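Novice: Sequence:
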Amino acid sequence: MRVWIRFFAGSVIGIVLGLYLPLGGGDVSQAMQVISGIVLNVGRYAVYPLVFFGLIIAIHELRVDRLTGKIFAQAAISIVVATAAMVVVGTLVVLFLSPRRIPPIYQEAIVPVLPAIPAMIQSVFPRNLFLLFAGDGSFLLPVVTAGILLGLVMYDEGPQVSPATDLIDSLARIAYRLNSWITEVVSVGLIAVAAFWIIRLRSVSDLQLFAPLILVVAGVAALFVLVGFPLLVFLLGDRYNPFAWLYGLIPPAFAAFFSGDSYFALGPLLRVTKENYGISREVATPVLSLTTLFAKAGSAMVVATAFITVLRSYTALEITFGQVMWIMGASFLLSFLLGSVPGSTVLVGLSVLAQLHGQGMEEIFLIVLPALPILTGIAVVADTMTGAVVAFLVAQWERKRRIVDVLDFI
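Heads up, this note's numbering is the position in the sequence shown plus 50, with the first residue counted as 1.
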């Protein structure tokens with residue numbers, strides 16, 4: 051059975067299960083939460099070694115081809131452009147459609163803390179390199195940085211370290227195979243993840259209040275994911291079939307939506323980029339590592355649109371042009387830090403934006419808490435698809451992609 055069918059079937063079964071499981075007493079909800087958490091951990095189990103060893107060998111191969119700087123520059127520019135475009139379009143749409151105000155219904159929430167920039171730098175360069183592997187797996191940047199540095203060093207040493215090169219190459223292949231096995235398991239585990247996602251929504255009694263905001267966010271995301279990105283693939287990717295491109299991304303899209311975790315979706319994404327699109331590892335691993343950390347275009351769009359809606363709900367005054375520009379700029383810049391809080395990008399983004407805005411509105415983001423599973427799912431799908439389109443186009447531009455027939459897609 052193809053992987054995309056397994057992910058689709060797991061999602062559908064999970065949705066049905068979540069709709070019919072009893073909610074009384076909370077035991078079922080708690081059990082599904084535990085199982086869902088285990089599945090998320092399993093899905094991220096091989097991501098760190100896959101990225102670490104894959105980056106070392108990828109950087110080495112890019113240095114041999116003299117493409118390291120070019121690949122990273124193309125990816126970085128694409129990330130910035132995609133993020134800016136999605137924030138601007140999302141803001142304009144929410145201002146034009148002006149979804150109805152949301153009543154100020156507050157709920158308590160534990161909000162993850164966004165690390166300060168100095169703390170992030172300290173985590174990237176700890177006192178001991180081996181401390182990188184002693185963390186809780188919540189931040190990918192230290193592992194990415196170490197992989198890049200070791201890849202550069204390995205190239206500079208040349209033939210003298212060829213045994214180490216062969217070893218790293220073998221470890222990267224083993225990590226990829228492990229990730230492939232885990233992807234098969236996760237497709238079944240998605241039943242629990244989707245079921246818990248539905249159970250969370252069933253516990254919300256006033257979800258219809260958020261329908262206008264959800265429709266706006268979903269519409270903007272669909273405009274980019276289903277129209278904009280496929281059109282770019284067709285126009286800039288040598289007329290590649292846009293429907294085939296979308297078809298190949300079904301597994302990571304389902305993983306991203308129901309988990310709301312870009313690290314969880316990275317495993318399936320790395321697999322489909324190789325086996326569906328034929329993207330070489332010297333492009334796939336560096337570019338997708340970069341996009342997973344910094345390409346939070348969807349999260350930035352959701353944060354901007356949700357914050358404008360919340361601000362309108364909290365005050366009777368019209369939002370000024372200066373406030374709109376501030377929200378767009380803050381959401382854009384903040385998005386490049388949200389890779390440190392996978393699974394909570396929207397919640398943390400709204401929290402930080404509210405804190406920065408001040409004026410007694412530090413907790414207004416709690417208004418949208420009931421709709422958070424849907425908003426986060428949409429945001430992470432858009433983030434994942436942004437990474438996919440960037441990796442595809444960079445590989446196409448540098449001729450680092452082999453042709454894979456659609457009938458051979460996993």
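Please note that a few of the clues may not be correct.
Derived Cβ-Cβ restraints for the label pairs, each shown as a range [said to hold, decoys possible]:
| hint | residue 1 | residue 2 | range |
| --- | --- | --- | --- |
| 1 | A135 | I88 | 47 to 57 angstroms |
| 2 | R150 | L286 | 31 to 41 angstroms |
| 3 | P72 | V211 | 58 to 68 angstroms |
| 4 | S220 | A81 | 19 to 29 angstroms |
Derived by calculation from the structure, the hints in this document are not laboratory data. It should be emphasised that the depicted structure is a prediction, and the values quoted were computed from it without experimental measurement. Beta carbons: idealized from backbone N, C-alpha and C, even for Gly.
Novice: Run every hint past the structure and note whether it holds.
Specialist: Structure-based check of each hint:
no., hint, in the structure
1, A135 with I88: 47 to 57 angstroms, "37 angstroms, violated"
2, R150 with L286: 31 to 41 angstroms, "39 angstroms, holds"
3, P72 with V211: 58 to 68 angstroms, "60 angstroms, holds"
4, S220 with A81: 19 to 29 angstroms, "40 angstroms, violated"
Checked against the numbered hints given earlier, this structure breaks hints 1, 4; the rest are met.
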